[in-house]
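Q: Since the structure of chain A is already known, use the hints to place chain B on it.
Protein sequences, first through last, are from chains A and B.
Those letters in the first sequence? Residues 13 to 240, per this note's numbering, in order.
Those letters in the second sequence? Residues 8 to 203, per this note's numbering, in order.
Some hints could be false.
The calculated lysine to any residue pairs, modelled on SDA-like cross-linking and capped at a C-alpha distance of 25 Å, are [stated by the list, open to error]: (1) B:Lys181 to A:Leu40; (2) B:Lys177 to B:Ala30; (3) B:Lys177 to A:Asp27; (4) B:Lys181 to A:Glu34; (5) B:Lys177 to A:Thr74; (6) B:Lys177 to B:Arg82; (7) B:Lys177 to A:Asp20; (8) B:Lys181 to A:Ala71; (9) B:Lys181 to A:Ala78; (10) B:Lys177 to B:Gln190; (11) B:Lys181 to A:Ile26; (12) B:Lys181 to A:Ala47; (13) B:Lys181 to A:Arg55; (14) B:Lys177 to A:Glu29; (15) B:Lys181 to A:Asp32.
Note that these hints are calculated values from the structure, not bench results.
Everything numeric in this text was worked out from a predicted model, so none of it was measured.
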Amino acid sequence: MKKGHVLDELSAYIDGEARDPERIERHLRQCPACARRHLELLRLSSHLGALREPEVSPAFLTRVMAHAREAEPLPARRAWWAAAPRWGMAIALIVAGLGLLYGNLPGGGTLPGGRTAPGPETPGAVAGLPEASADYLDDEAVVEALAALMDQGADLSYVAADTPRSWLMEDSTVTYDDVVALLAEEVEAEDGSFVTVMPDNVYGAIDSLEDTEAEAFESLLTDYMGKG
Amino acid sequence: MEAKAEERTPQLDDWELAGRAQAGDMDAFAALVRRYQGPVTHFCQRMTGSLEDAEDLAQEAFVRLHRHLHRLEPRARFSTVLFGIARNLTLNHVRNMNRRGRGRNEPLDERPLRDETRPAPDAAARVGEIEAALAEGIAQLSPDHREVLLLREVEGMDYDEIAAVLKCRKGTVKSRLARAREQLRQRLVDLGGEEL
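Extracted from the complex, chain B is given alone in its bound form:
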């Protein structure tokens, strides 16, 4: 069934798949899930700091997308609709966690922190260190800055698409992104004691 979705829907774009899913084709919907499960889960993981929470949120985002299918029309880029749902769910989750005192300022659970006992890093270790520092730096950003940075730098959305996801103005995207980058850049410079 779903395992054959990719075979039955090989070259269809997102809205073509969504159209079929609107008509009740669950294989088409499964193809959409396969296409976006990685990026959506990644976004949720970077927002929440927990892969387990991220999978739950991504799952809920897809289920809600399915419930909303009949309301959608192919105007915006499909991913902005899906990420808009995921973003709202994630923000609610982050707020709930903050209210319960479980902040989001810890590094991602599966990412190693810098090991200060290590010898001078070779290239691979240096990449790992940068990735760990990035994860930690992203975690320290406010949710407003974190989400705009992830949508731009990780998901590759342009400013108009990000504005559609965040339901804000393009100018807001521009200013938040500039502040997020500067905070992260400064943090990495501080951590590394050198330029990037």
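Isolated chain A (complex conformation):
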């Protein structure tokens, strides 16, 4: 691409998201190649916007409503996910931090209130990862860690798009499971049951943290572990 051309910026420009639209406009008035590409992108956009929606089956609504009536709302606390994520170490750090906070988790420690953490034979254990269960973790440390990270300027809204920060901060019943649930998604197993796993896009979301944000995140977790 010749110096000064704006071909790479035209996509954002037609969406009103270019950083310097005035500069692009000036260039388009002077450069036939970029002007032609601009026109092509506008035409492409117009064609895409004109794609026809499919005709949905007349029985669609009836089927949805029947299944919606049958399906139970998700419980406030869900079973912990049982997949080994690419960011397993970070999750392990979280759980390990909680474990230190609350005694001997995982592996049969005693929790506040006299509750007992399950031993290593508990179903759902993942090799190399500590166990956790919303049944006995009633902790706000991770929630606070995430909130504190946001205080430092990290934008975590994209991993918790449907859950406002106020919910994280104010709901004292929030558990580690709830935080995991923010990052996780349900997938249907072959037997028809639903398993909560960490999807690729969440890995991507976490991986996309800036280095300083990731360092702050780890620092917070380390700090919480140290307090334990």
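A: Here is chain B on its own, set in the frame of chain A:
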């Protein structure tokens, strides 16, 4: 019952309907389904290439939305929540199809391919050809590029909304969209042998 949902909930916005649905008003939920069944099914169809699969995925998305209703609060645009669910389901489906060797590189099942035996196209035929070429071009994009293109160009979401659906940064939306458009533009130029 559901057939009267639109009559009972004529002017309510999405979150007002969702609020009523949270309180157990199934007519309000039905109104939401009616409002979004076309766009969600369209998105799933373009992602999977199959209208049958798309309806199944859209149905599951609405059912899951209903299960999640009590967790939702009206912060983001409602459609980003719904499309986020549909997108996750669709990606899982696409991955499963790819694992089973049923790729997504075929044209949409109901869209005709270009008929090379046809005489010089008139305007209507030209539109049909462009639509078929677009469908084929979209199918050739990677899922990452396909979804961002559909959410922007077909669903009309802005970058912030797309970032919320995809749970990624706005800059990622910007770069993926630019690459998707360029790939599709180039493909159409190659197919047509002329500028768009």
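Q: Next step is simple, just say for each hint if it's right about the structure.
A: For each hint, the structure was consulted:
1. B:Lys181 to A:Leu40: Holds - the C-alpha atoms of Leu40 of chain A and Lys181 of chain B are around 20 Å apart, at most 25 Å.
2. B:Lys177 to B:Ala30: violated, 34 Å
3. B:Lys177 to A:Asp27: Status holds; Cα separation ~13 Å.
4. B:Lys181 to A:Glu34: Given pair Lys181 of chain B, Glu34 of chain A holds - Cα atoms ~19 Å apart, limit 25 Å.
5. B:Lys177 to A:Thr74: violated, 37 Å
6. B:Lys177 to B:Arg82: holds, 18 Å
7. B:Lys177 to A:Asp20: Holds, at roughly 16 Å.
8. B:Lys181 to A:Ala71: violated, 38 Å
9. B:Lys181 to A:Ala78: violated, 39 Å
10. B:Lys177 to B:Gln190: holds, 20 Å
11. B:Lys181 to A:Ile26: Satisfied, since the Cα-Cα distance of roughly 11 Å is no more than 25 Å.
12. B:Lys181 to A:Ala47: With a Cα-Cα distance of about 20 Å, the restraint between Lys181 of chain B and Ala47 of chain A holds, given a limit of 25 Å.
13. B:Lys181 to A:Arg55: holds, 19 Å
14. B:Lys177 to A:Glu29: Status holds; Cα separation ~10 Å.
15. B:Lys181 to A:Asp32: holds, 15 Å
In terms of the numbered hints stated before, the structure departs from hints 2, 5, 8, 9, listed from lowest to highest.
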